[in-house]
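Peer 1: First to last, the sequence lines map onto chains A and B. All letters in the first sequence, in the order written, are residues 1 to 425 by the working numbering. All letters in the second sequence, in the order written, are residues 1001 to 1425 by the working numbering.
To be clear, the hints were calculated from the coordinates, so they are not data collected in a lab. Note that the structure is a prediction, hence the values are computed from the model and not measured. Ideal Cβ placement from N, Cα and C applies to all residues, glycine included. Some hints here could point you the wrong way.
What the hints assert, rightly or not - Footprint (simulated), chain B over chain A, 3 or more residues, beta carbon under 8 Å:
no., region
1, 10–24
2, 84–92
3, 322–334
Stated by the list, open to error - Lysine-lysine pairs mimicking BS3-like chemistry, simulated, CA-CA at most 25 Å apart:
no., chain 1, residue 1, chain 2, residue 2
4, B, K1384, B, K1318
5, B, K1386, A, K402
6, A, K386, B, K1402
7, A, K402, A, K236
8, B, K1230, A, K88
9, A, K402, B, K1295
10, B, K1318, B, K1230
11, B, K1402, B, K1088
12, A, K230, A, K318
13, B, K1230, A, K318
14, A, K88, B, K1295
15, A, K417, A, K353
16, A, K402, B, K1384
17, A, K295, B, K1289
18, A, K318, A, K236
19, A, K353, A, K37
20, A, K384, A, K236
21, B, K1384, A, K295
22, B, K1088, A, K289
23, B, K1402, A, K384
24, B, K1295, A, K90
25, A, K402, B, K1418
26, A, K368, A, K386
27, A, K412, A, K402
28, B, K1402, A, K353
29, B, K1386, B, K1376
30, B, K1088, B, K1418
31, B, K1318, B, K1417
32, A, K386, A, K88
33, B, K1353, B, K1368
34, A, K418, A, K236
35, B, K1090, B, K1236
As the list claims (entries may be wrong) - So, partial list: chain A residues that the calculated Cβ filter (under 10 Å) puts toward chain B:
no., residue
36, G51
37, T77
38, V300
39, R410
There are 2 protein chains.
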Amino acid sequence: MPGKAKRQAPNAFYAQSGGVTAVINATACGVIETARKHNNRIGKVLAGRNGIIGALSEELIDTSRESTAAIAGLRSTPGGAFGSCRYKLKSLAENEREYRRLVEVFRAHDIGYFFYNGGGDSQDTAYKVSQLSRSMGYPITCVGIPKTVDNDLPFTDCCPGFGSVAKYVAVSTREAALDVASMCETSTKVFILEVMGRHAGWIAAASCLAQEQPGDAPHVILLPEVDFDKARFLVKVQATVERVGYCVVVVSEGAHYADGTFVADAGSKDAFGHTQLGGVAPTLANMVKDELGYKFHWAVADYLQRAARHLASATDVKQAYALGKEAVELALAGHNAVMPTIVRTNDSPYRWKMGSVSLSRVANVERKMPKSYISKDGFGITAKGKRYLAPLIRGEDYPGYKNGMPQYVRLKNELVKKQLEPFSL
Amino acid sequence: MPGKAKRQAPNAFYAQSGGVTAVINATACGVIETARKHNNRIGKVLAGRNGIIGALSEELIDTSRESTAAIAGLRSTPGGAFGSCRYKLKSLAENEREYRRLVEVFRAHDIGYFFYNGGGDSQDTAYKVSQLSRSMGYPITCVGIPKTVDNDLPFTDCCPGFGSVAKYVAVSTREAALDVASMCETSTKVFILEVMGRHAGWIAAASCLAQEQPGDAPHVILLPEVDFDKARFLVKVQATVERVGYCVVVVSEGAHYADGTFVADAGSKDAFGHTQLGGVAPTLANMVKDELGYKFHWAVADYLQRAARHLASATDVKQAYALGKEAVELALAGHNAVMPTIVRTNDSPYRWKMGSVSLSRVANVERKMPKSYISKDGFGITAKGKRYLAPLIRGEDYPGYKNGMPQYVRLKNELVKKQLEPFSL
């Protein structure tokens, strides 16, 4: 009886973790569509409401109640459709209680697969769950799925979410530069764009893809990998304005001085003793104004950059989906405690295939930008770096529009019935 | 002889003025393509390098040296292809010298048409030129062409540039709201987006087009038309977070207190006595943090919003082009000292046609947002306001892409030979 067979297939748990991206839902789409194709082996996909917190609090979204069209719509919807969270499970030694609760919830809902979609911390959690569940006599197949705009996971050519932010930043830099170029004769001479990246400069680096010819913006890229030197920065800005007529700066939020102080924190108290809120872009703008006297404008892209599904990289969307699909296929093939990866086989034309790596190797390893990607003066990206970055922004993948607005899907997000006592977080 | 006939046709002068937009080059495209079609009556289109300054300094770009493809490419290239300027000609009484110089340059280069593409000040200049040239015995046909992201010109349904910024702001608000909604359980609860609009709130108002259902972002819109009241603002934010789980605020840079102080200027000195740079978004974020304790994020779109050709409104692009075309046709039909306008004939489906208005009526009149467009509590836009705004963002008009990047045209911008003595600005 098909009914019986379906009831016997274990359910899968899927959760989104940490900062969301323009394509994390494309991964969810890949997971759910693939699981649905294998409904003889996977029952329902239950999604954690607000990430892993949903598992701890037994708030499990029943994705089987969503239509085929709604799930397909996830592919072009930014944000985290089931909610995400910034909640790092403590170490096993410190809080085994949380891990035991996870296993309890999985047992209560017949969950045989654990898909955790996030960055380094999440891969660590997925690894720990895989270990503990085994020791607790409730084996569950755990697969981590990479996601992070920061592009800082090891063993994968890139992380889903990064390619789309990279495209947004490169396009915005090119567009804003055309604006500044038009205005520089009598008005704005320096434009500063602040982008994400607290520890690694991948996102700021991607702005280099706006360059086609000598003199093209961005003229200065400030990375966390290079200690900020105010005097050298100002010399570079001035020289650029004198040569090109204007100067476009792209800065990582994590840009810092040699002593580790963030540029954004310098001179950080206002008259009331509050920490100044400006961020690094207005701080740099102030420097330029005070020391060089140029008129400036600055922008802080913040969430706009990582939510900009309207400008997603088709390559990124494809990879995000493929990793979700591969995660399910790895699980079905009996692989446990692994993470699917993107393996680059050629730069141009870009070719990639799926790979995988053991979660034990991924956990808590941060991938920095190689020194060979940063130009000698520290203000630009080398040809080698551009070769790496260029394919990741290729292709457009527009969402559908209605009345001039992108149509993003809204799920019903109905919870399954709770079966356990409440759990205090 | 066609050669002789062509030499006899007077040239046209075209200049871009003030802040540029995503579609001001579409207007240039409309002007130049239409003039080329009438090459028996218009010689060359000479564009002012950096706006009106190009006319004063006799730096005239010979657009006849640009290929058909390059001129067509202007239609999808943001910024001002010939350079713009913030340079307001003084009144005739204060500085007749500048107006006389313009006429001198026009005479030297056989310019019979003056097309000035800008906001209120530019329309005023165009009007004065038309008056003076007549009295100086050098009649020239002067046509102003509307442009301004601020949407504050009278007599036209809207201003080219506004529709595309409106679309950018509405889409960005929707996307960022999905991000915040995903994160609000454990992280960001309040997101603040700062947009342009120093005197009028049209741009911030357009964010209302992100709303589809009750509870949708933006939850609070702060306009220069409504005096900022900190206590009421905080109550509204708190109520929204409690009801929806998060709160998205869109604020005009020109938001101000009842006494006229900009919100951005409040508490404006840092420990060194510098004016605090934050802008209004970080100032509001600070308030929310201090008084309500919510975690926040904020973004400042700045030039990104008005340069975002990648997300232009097709309606806006069409209108920008049509106004350029109409300007030339008005001139050829013998109309002088006029500005073509957009006349709305129906809301939904949106229908519009060309109109025109005398420059004498346009000059220095600023169109404010009607009170009937602002909701009773001052934090939102009424159904009537939405009916006005909705059609302006309709339709997508994507630029061509290569290697993942929009392909924007670069003109040669070759100057014609100077014939006069230098002129000091």
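Peer 1: Check each numbered hint against the structure and report the violated ones by number, ascending.
Peer 2: 3, 7, 8, 9, 10, 11, 12, 13, 15, 17, 18, 21, 25, 31, 32, 34 and 35
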